[in-house]
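Colleague: Here are the chains, one letter per residue:
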Amino acid sequence: MFQVRFHGRGGQGVVTAAELLSVAAFLEQRHAQAFPSFGSERTGAPVVSFCRIDDKEIRLREPILEPDALIVQDPTLFKAVDVFHGLRPDGYLLVNTNRSFGDLQIADAVAKLPRGQARAVPASDLALKYVGRPLPNAALLGAFAALTKIVRFDSVAVAIRQTFPGKVGETNVAAAQAAHDAVAVAPVAG
Amino acid sequence: MLKQIEGSHAMAEGIALCRPEVICAYPITPQTHIVERLGEMVRTGELKNCEFINVESEFTALSVAIGASAAGARAYTATASQGLLFMAEAVYNAAGLGLPVVMTIGNRAIGAPINIWNDHSDAMSMSDAGWMQLFAETNQEAVDLHIQAFRLAEELSMPTMVCVDGFILTHAVERVDVPEQAEVDDYLPAYEPVQVLDPNDPISIGAMVGPDAFTEVRFLQHYKQTLALRLISEFAGEFKKQFGRDSGGLLRTYKIDDAEVLVVAMGSVNGTIKDTIDEMRADGIRIGLVTLVAFRPFPVEALRKVLVGPKHVVVIEKSLAVGMGGQLALHVDLALRNVAGAPQVHSVVAGLGGRPITRPSLHRLFRRALVQPWEGTHFLDLNEEVIAKELHYVRKVRRSGPTAENLLRRLRTGAQKPAAD
Amino acid sequence: MTNGTTSAAIQKLHFYQKGTFTVGNRLVSEADRSVQASIDRSNALTCGHRACQGCGEALGARYALDAALRAAGGNLIAVNATGCLEVFTTPYPETSWQIPWIHSLFGNAAAVATGVAAAMRVKGRPEIRVVAQGGDGGTTDIGFGCLSGMFERNDDVLYICYDNEAYMNTGVQRSSATPPAARTATTPAVGPQPGNVFGTGKSVPKIAVAHGIPFVATATVADLHDLERKVVKAMGIHGARYLHIHVPCPLGWGSASQDTIRLAQLAVECGMFPVFEAEHGVVTGRRKIRRRVPVEDYLKPQRRFAHLFTTEEGRKCISQLQAMADRNIAEYRLFDWEGDVE
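Protein chains in written order, with this note's numbering: chain A, 1 to 190; chain B, 1 to 421; chain C, 1 to 342.
One thing to keep in mind: the hints can contain errors.
[As the list claims (entries may be wrong)] Ranges between beta-carbon positions, derived for each pair:
#1 B/Ala-88 to A/Arg-133: 55 to 61 Å
#2 A/Arg-88 to B/Arg-395: 42 to 48 Å
#3 B/Val-339 to C/Gly-124: 51 to 57 Å
#4 C/Gly-48 to B/Glu-180: 28 to 34 Å
#5 B/Lys-240 to A/Val-185: 49 to 55 Å
#6 A/Pro-114 to B/Val-397: 43 to 49 Å
#7 A/Thr-76 to B/Arg-245: 56 to 62 Å
#8 A/Ala-45 to B/Arg-245: 35 to 41 Å
#9 C/Gly-124 to B/Pro-211: 54 to 60 Å
#10 B/Pro-113 to C/Asn-154: 34 to 40 Å
#11 A/Gly-102 to B/Thr-253: 51 to 57 Å
Keep in mind the hints are simulated off the structure, nothing from the lab. Just so it is clear, CB atoms sit at the ideal spot from N, CA and C, and this is done for glycine as well.
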């Protein structure tokens, strides 16, 4: 079982991101379970969502305590919440930022992860460029596919198109493709 | 058709396949997505021949359903928590009038203190109202139970609640096989009311019944619930034939054959318990699970059959009868009343107000049942520090006042005692 | 002759029914005659029910429902709130209802009726009409939320409130329709402010008008022709409709059972109960007072107001009640000759 925890702020599409990832896994005939952090948080508040992916039925209903991967949609959250809590030592980290991990003061935590498993992607910038709105979730999923290879990019693209038919879906897929390529093509930093 | 879909939306689609004719909607977290989706389906024409009515309270929601059902329409509504309490009077009324309304409960705690998260307090509070109550373990089962619920309700002239864990199921996106319309039509015939308001055949419904017959009415209502015991199994069997899935029934068992400890639970926590059981069995502990689907009618016989044999039964439940203890545990005690060789029953209250029930906690709990079995009610993952501080305060002062506010004040100020005094 | 006890034997012929100003059936055209005068009247509420002697509600309900039944061509379903009407019409194991009838709860008649109407729509039987009915407690108090919701959605229901100004079924307790100063079991006539409080009052007909629903009317058992006319008019309209009928209660008011019609009449003539109708939020008609009387004439025959006539404070209460009546008269322009009081 592969478990992903999404961190973001209300209004950033954090819950949708987990759902999209689960749909991508579903499209690959796998079992997936996406769920929000069950709160009544308003726009702007820190929110968390989860996604489990497995090859067999997922029965577990506890929150994800030890994620295999973190997707952080808002880098300002590192100061607000304990984002790294429970992250497995062999885990992945994907951060939406155009700054360095050093700038974000998370270089120490990143150093504990296996080399190449922590990446920064300017997902909001890409979303702004392709979609016209700084909603980073779709782009991050493209990058996630490249970073972890847990799901194929094609599945992510189909999931995005299914959820957002028409132009919104297409532009989000373009943003996801750009983020995917940035991770897949560019050499691993540090 | 297999879909990766939010539980609430899957349920809405399943309910729509049952061709409800009147749907009453009033928002309360966490059932809202169900009626929102149904409303959308009525608007788009995906669900035809259906009146979707936005009402001004839960009391009205069920009252409208009562009127619609009495007038011969298949009626549905959904609620949770405070909403179920707000409609309490109508809950009893629908059952007393024998109206086969189906209602989803997105199980949620009851305040005060206000809490929007999952536990089973709401459903338990209405368990004696005369409705059938079926608890879903997964969203697949939630969908399937609705289809069975309409058939059961209409067969027995008895309203039915499908209880679905709030957020944990209602808001989870997972794989659900949403049946085809033709399959559902085969399984669930059109509603043909036994008694209906019709100018061509005027009847009076809901007249007063006095001491000379009230007991008989109640006895027969109770008797009908015992008939439901048989029908719930029967219809679940037919459901399996039609759809190929084990959904519903009175209860299900998991690895009970050689078990020395049996766990009894309702709802979504059964999944986490099964994973825990697999892990414990790998360590050589003989433990099994009884998943209770039907809480009303309460399957005494069926439970007795599976519970007699093992040494220990751990009843884990998301509800508490304040001043008494675990309600489900009390029910299990009843099932074992006067039974020779009955196991010891250990009561656990867990997951109140949405507290996660995790595998590490369950591991500790189930091991304890073997090595250090307890009497009374055990509260899983109780924060001993918070309790100790308040108990210390309670012992020190003569009138300690309201607990919730004391805790909040202490958490706010970090003080040892409530700040106000 | 002025002595009532000896005048009964010699009765002068009136063109009006005695004391009511209501034109008798024999003087009106065939079309305008009362539903009740018809040889084939329907008897929605048949004889044998257990209402008290002189019950205004039983009278009002029979006239209202028979008129509704005729207007609907026999296709009528009634929903009843808990209350006197419900209890006295369905003594176990009998029923006085000749129409399909359901009683659910005290506070949900409007909502249940909404459900019945929805079922008729979805079943493709729009010709079947729905009437909900309740007393003032079930309407202005506990059923008020459901009522307002039904109005606001403009559901196709005629709601009839039989207003006898207190919870009579439970033994005469105060409701929000109880007039100020009236004695009830929960507003006893003791202490410095005996009887019900002088609050702001709560005119549910006015509130209904404020919802802008297609038709609102008040009526009284003193004018059964008017009552029937309003029922028929209401039944000719679809959407939410509200009819508020003033129905004296001999038991609760402490009045003689033969005075029910007279008291209903006096309530109108003194201005305490304005009879009017409104369409889509606008008052379109009122029943003018023909012979204005002081409120004392209305209060005096009722034991629930007896305490007002024994003290100076009581006298002040009567003045306050008179002021209320005057305000009604002014507001609804019920009387053309202001100040022409006996």
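Colleague: For each hint, tell me whether it holds in the structure or not.
Modeller: Going down the list of hints, with the structure as the test:
Against the hinted window of 55 to 61 Å, the Cβ-Cβ separation of B/Ala-88 and A/Arg-133 comes to about 46 Å, which falls outside the hint. Restraint check, A/Arg-88 to B/Arg-395: a C-beta distance of roughly 44 Å satisfies the suggested window 42 to 48 Å. The supplied range of 51 to 57 Å is met by B/Val-339 and C/Gly-124, whose beta-carbon atoms lie about 55 Å from each other. Between C/Gly-48 and B/Glu-180 the beta carbons are some 54 Å apart, a value that contradicts the proposed interval 28 to 34 Å.
In this structure the hint that B/Lys-240 and A/Val-185 lie 49 to 55 Å apart at CB holds, the actual value being about 51 Å. Take A/Pro-114 and B/Val-397: their Cβ atoms lie about 56 Å apart, and the range 43 to 49 Å is violated. Between A/Thr-76 and B/Arg-245 the CB atoms are about 46 Å apart, so this pair departs from the stated range of 56 to 62 Å. A/Ala-45 and B/Arg-245 have their C-beta atoms about 39 Å apart, which keeps the hinted 35 to 41 Å range intact.
Look at C/Gly-124 against B/Pro-211: about 43 Å separates their beta carbons, and that is not inside 54 to 60 Å. Against the hinted window of 34 to 40 Å, the Cβ-Cβ separation of B/Pro-113 and C/Asn-154 comes to about 39 Å, which satisfies the hint. Taking the beta carbon of each, A/Gly-102 and B/Thr-253 are about 56 Å apart, inside 51 to 57 Å as hinted.
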